[in-house]
Each structure stands twice: as C-alpha cells, then as structure tokens.
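S.K.: Here is what each chain is made of, one letter per residue.
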Amino acid sequence: NAGVMQNPRHLVRRRGQEARLRCSPMKGHSHVYWYRQLPEEGLKFMVYLQKENIIDESGMPKERFSAEFPKEGPSILRIQQVVRGDSAAYFCASSTNLAGGAADTQYFGPGTRLTVL
Amino acid sequence: GENVEQHPSTLSVQEGDSAVIKCTYSDSASNYFPWYKQELGKRPQLIIDIRSNVGEKKDQRIAVTLNKTAKHFSLHITETQPEDSAVYFCAATFSGGYQKVTFGTGTKLQVIP
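Line by line, the protein sequences are chains A and B.
For the first sequence, position 72 (counting from the first letter as 1) is numbered 72 according to the working numbering, and the numbering increases by one without interruption.
For the second sequence, position 95 (counting from the first letter as 1) is numbered 1095 according to the working numbering, and the numbering increases by one without interruption.
Keep in mind that the hints are not guaranteed to be accurate.
Said to hold, decoys possible - In silico EDC-like pairs for lysine to aspartate or glutamate, Cα to Cα no more than 20 Å straight-line: (1) B:Lys1057 <-> A:Asp86; (2) B:Lys1057 <-> B:Asp1084; (3) B:Lys1042 <-> A:Glu57; (4) A:Lys44 <-> B:Asp1084.
As the list claims (entries may be wrong) - Far from chain B by the CB rule (all over 10 Å, computed), these chain A residues: (5) Leu43; (6) Asp56; (7) Glu68; (8) Arg78; (9) Arg84; (10) Val116.
Claimed, not checked - Pulled from the structure, derived: some chain A residues nowhere near chain B, Cβ distances all over 12 Å: (11) Lys27; (12) Gln37; (13) Lys44.
In case anyone wonders, no lab produced these hints; they're calculated from the structure.
Where is the CB? At the ideal position from N, CA and C, for every residue including glycine.
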C-alpha cells in the first residue's frame, strides 16, 4: 500500500510566479490536510479537505492561496504570485476513515520544499 | 478551538537515560492524542498514539500516558539512543468528527553519545 505521495519534492519559483503542489492520499483515505513548516519551526495548519469539500481553511491566507481536492485526482495547493516569504516545506497528510467517514490517524507525505528566488 | 502546549522546547539527555516530553490540551472533547517524530529534512512519522479510553500505552522503549482530568499527556522514551535524536510533536483532536488536528510546538531531543 503506497503511502502519501507529494510532488514535486522540490520546487523553485521566481517572485510573482505560481506554485502548484500536489498530494495523493493513501489508498482509501478521503481526508487531506496541508501544513506549512519553516526551518526549525513547527507544523502550521493551513487547510483540511474532503473530496470536493473544504472542511476547514482557517489556517490559510485569504489571498494568493487556494486548495482543492477534486473527485478524481490529487489534492492541489496553489500559491499565486509567490513571494520570498512563501519559501517553506509544505506537508500534506491524509487520514484513515472511521465508520461513518470521519477522520482518524494522519499520515504525512514527504513534503514539497518550495524556494522562491 | 483546541490549544496544545508542549514542553520543553529542547531536551538534551545522555545516551541510555530517559526522556520525558509533556503536553497539555484545552478542549475536554479531544479524545485522540498522537505523537510524531520528525528527523531533519524528513516527514513527521507517527510513533505512538493514545485514545481517551486508556491511561497508558507502551511500545518497546516508548510509552505515552494520559490524564484526562488534568488534560495532559506525556511521552516517555527509555534507554535513549542517538537515533532517537529528532523533533517530537504531540497533537490532540476529536476523532470521529471533522476537526483538524492541533499540534504542539515541538521538542528538539538531542541524545548525547
């Protein structure tokens, strides 16, 4: 059973460009979470999604950032007009489903290291 | 919302000694408490978890205790080894709902050979 997949693993963008980060959850998982981590810092929650639904986006900046988890395909975190402060590691996690579909244990992907020049 | 505090932020121990990391949470509805280990440049990995219907859980050299009344839980690592050096994150959530997981700020553990 493949784990959580993220691509690309490293992404370099110039200021003003767009960054698209992809996350494929573990097979059978329907909950996806995105986190941002700066060097030597903790995991900052950004957004929690289920298939075709945003459950909680309280940690995501209102401007330039968006996320989706379509019925088919991976979850996408999109950052428009990137700035140097967006440089960070972005981790995706997916969680197991309990009976009834609610979320349980989270498993993390390897992360995408975004560098903005 | 839930708030998780974690202490200490850094911890140095001699190889073979024990290490204890403590967390407190604020939401009495939280019922699931996982711990993650993150090595430098790697993803956070689940090492142990505990649910609110038990007070203690062990897995080899790692144990977690939970005090629901006081709303705190702890990670205990015995006979520490250099490969235990990493950042450890505690977390709390309500499992069975549609709530995000709230993480602590992390503890950087250094095991000195």
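S.K.: Hints broken by the structure, by number, lowest first?
M.R.: 1, 3, 4, 5, 6, 12 and 13
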